[in-house]
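Residue numbers (the numbering used here), protein chains in the order written: chain A, 132 to 264; chain B, 132 to 264.
Misleading hints may appear alongside valid ones.
Which copy? The list can't say, so a pair holds if one copy fits it or any two copies do.
Pairs of lysine to any residue, SDA-like flavour, derived with a Cα cap of 25 angstroms [to be verified]:
| id | residue 1 | residue 2 |
| --- | --- | --- |
| 1 | K192 | V247 |
| 2 | K251 | S199 |
| 3 | K192 | T160 |
| 4 | K251 | G215 |
| 5 | K192 | E147 |
| 6 | K251 | L150 |
| 7 | K192 | Y148 |
| 8 | K192 | K251 |
| 9 | K251 | E147 |
| 10 | K192 | E243 |
| 11 | K251 | T180 |
| 12 | K251 | D159 |
| 13 | K251 | H179 |
| 14 | K251 | E175 |
| 15 | K192 | L143 |
| 16 | K192 | R144 |
| 17 | K192 | H230 |
| 18 | K192 | I249 |
Since the hints were made in silico from the structure, they are not lab data.
The primary structure of each chain is shown beneath.
2 protein chains.
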Amino acid sequence: MGDGSAAVLSALRFDEYGLVPAVAQQHDTGEVLMLAWMNRRAVEETLHTGRVHYWSRSRNKLWRKGESSGQVQRLVELRVDCDGDTLLLLVDQHGVACHTGRRNCFFRAVREGQLVEIAKPVVTPGELYGEKG
Amino acid sequence: MGDGSAAVLSALRFDEYGLVPAVAQQHDTGEVLMLAWMNRRAVEETLHTGRVHYWSRSRNKLWRKGESSGQVQRLVELRVDCDGDTLLLLVDQHGVACHTGRRNCFFRAVREGQLVEIAKPVVTPGELYGEKG
Numbered sequence: 132m133g134d135g136s137a138a139v140l141s142a143l144r145f146d147e148y149g150l151v152p153a154v155a156q157q158h159d160t161g162e163v164l165m166l167a168w169m170n171r172r173a174v175e176e177t178l179h180t181g182r183v184h185y186w187s188r189s190r191n192k193l194w195r196k197g198e199s200s201g202q203v204q205r206l207v208e209l210r211v212d213c214d215g216d217t218l219l220l221l222v223d224q225h226g227v228a229c230h231t232g233r234r235n236c237f238f239r240a241v242r243e244g245q246l247v248e249i250a251k252p253v254v255t256p257g258e259l260y261g262e263k264g
Numbered sequence: 132m133g134d135g136s137a138a139v140l141s142a143l144r145f146d147e148y149g150l151v152p153a154v155a156q157q158h159d160t161g162e163v164l165m166l167a168w169m170n171r172r173a174v175e176e177t178l179h180t181g182r183v184h185y186w187s188r189s190r191n192k193l194w195r196k197g198e199s200s201g202q203v204q205r206l207v208e209l210r211v212d213c214d215g216d217t218l219l220l221l222v223d224q225h226g227v228a229c230h231t232g233r234r235n236c237f238f239r240a241v242r243e244g245q246l247v248e249i250a251k252p253v254v255t256p257g258e259l260y261g262e263k264g
């Protein structure tokens with residue numbers, strides 16, 4: 132209770148899968164890093180531990196961001212939107228947010244009628260996920 | 132083709148309702164304004180007109196942001212995430228993004244274990260939606 136999760140959970144309207152989208156934003160620069168999904172337990176674990184947890188829809192399990200890559204997100208502040216169906220997470224991202232090795236996931240943009248890559252990986256997926264050979 | 136919508140649509144993976152979440156961010160300040168949903172037509176109309184369109188899940192229709200409130204969003208840049216299942220819209224928001232009259236929708240935050248309001252409306256819903264009496 133002391134961590135605010137009861138209040139947040141009662142304000143949230145989860146979808147039919149028990150999930151809400153959560154936007155992660157770097158707290159000091161304003162960079163939008165990624166969007167992922169949270170269930171009740173991910174909200175609780177995030178507020179309780181101060182480390183961002185999501186629900187992995189592809190792996191169908193709780194996902195402590197950075198658990199395999201080391202690229203953890205420390206929670207700075209959790210916000211709830213007007214309708215209670217979206218979260219905004221102000222975070223401090225260690226390293227890179229994107230599994231491709233880029234700082235954020237939104238590295239393709241429409242420019243002059245083309246979808247172009249606007250950011251390069253700063254680390255390789257091998258470095259992130261350990262191709263230790 | 133010239134507006135990039137064909138490239139974007141082929142990069143997107145819509146959900147079972149034909150939608151993707153779209154995060155709107157004020158292009159110059161970095162403020163995250165809101166999250167709403169887009170279908171194929173909303174993406175096309177947004178890129179074609181330069182004014183942001185969403186799909187309203189509550190009204191089940193195309194929604195040109197600001198059509199009733201006047202609080203339009205001009206598109207500055209559209210970005211696609213790594214998995215093609217989320218959009219980031221850099222926009223220039225006229226007035227307020229939130230239907231409550233607040234600048235953005237994320238006006239509730241966990242602070243000291245409580246969910247507290249951190250922003251007040253800058254206009255009333257009556258002013259936004261016209262209680263002209």
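Verification of the supplied hints:
For the identical chains of this complex, K192 and V247 are neighbours neither inside a copy (33 angstroms) nor across copies (30 angstroms), given an alpha-carbon limit of 25 angstroms. When the C-alpha separation of K251 and S199 is checked against a cutoff of 25 angstroms, the pair qualifies only within one copy, where the shortest distance is 21 angstroms, while the shortest distance between copies is 41 angstroms. Proximity of K192 to T160 under the C-alpha cut-off of 25 angstroms is found in neither arrangement, the shortest distances being 30 angstroms within a copy and 35 angstroms between copies. Proximity of K251 to G215 under the C-alpha cut-off of 25 angstroms is restricted to the inter-copy arrangement: shortest distance 17 angstroms between copies versus 35 angstroms within a copy.
In the homo-oligomer, the alpha carbons of K192 and E147 lie at most 25 angstroms apart both inside one protomer (17 angstroms) and across protomers (21 angstroms), since each shortest distance falls under that limit. With identical chains, the CA atoms of K251 and L150 are never at most 25 angstroms apart, being 31 angstroms at best within one copy and 28 angstroms at best between copies. For the identical chains of this complex, K192 and Y148 are neighbours both inside a copy (13 angstroms) and across copies (23 angstroms), given an alpha-carbon limit of 25 angstroms. When the C-alpha separation of K192 and K251 is checked against a cutoff of 25 angstroms, the pair qualifies neither within a copy, at 29 angstroms, nor between copies, at 37 angstroms.
Taking the shortest alpha-carbon separations for K251 and E147, neither the intra-copy value of 36 angstroms nor the inter-copy value of 31 angstroms comes in at or below 25 angstroms. Taking the shortest Cα distances, K192 and E243 never come within 25 angstroms of each other, neither inside one copy (40 angstroms) nor across copies (29 angstroms). In this assembly of identical chains, the alpha carbons of K251 and T180 never lie at most 25 angstroms apart, being 32 angstroms within a copy and 30 angstroms across copies at closest. For the homomeric pair K251 and D159, the shortest alpha-carbon distances inside one copy (22 angstroms) and between copies (22 angstroms) are both at most 25 angstroms.
In the homo-oligomer, the alpha carbons of K251 and H179 never lie at most 25 angstroms apart, since the shortest distance is 34 angstroms inside one protomer and 28 angstroms across protomers. In the homo-oligomer, the alpha carbons of K251 and E175 never lie at most 25 angstroms apart, since the shortest distance is 34 angstroms inside one protomer and 27 angstroms across protomers. Taking the shortest alpha-carbon separations for K192 and L143, both the intra-copy value of 20 angstroms and the inter-copy value of 24 angstroms come in at or below 25 angstroms. Within a single copy, K192 and R144 get their C-alpha atoms as close as 20 angstroms, and across copies as close as 21 angstroms, so both meet the 25 angstroms cut-off.
Proximity of K192 to H230 under the C-alpha cut-off of 25 angstroms is restricted to the intra-copy arrangement: shortest distance 17 angstroms within a copy versus 34 angstroms between copies. Proximity of K192 to I249 under the C-alpha cut-off of 25 angstroms is found in neither arrangement, the shortest distances being 31 angstroms within a copy and 33 angstroms between copies.
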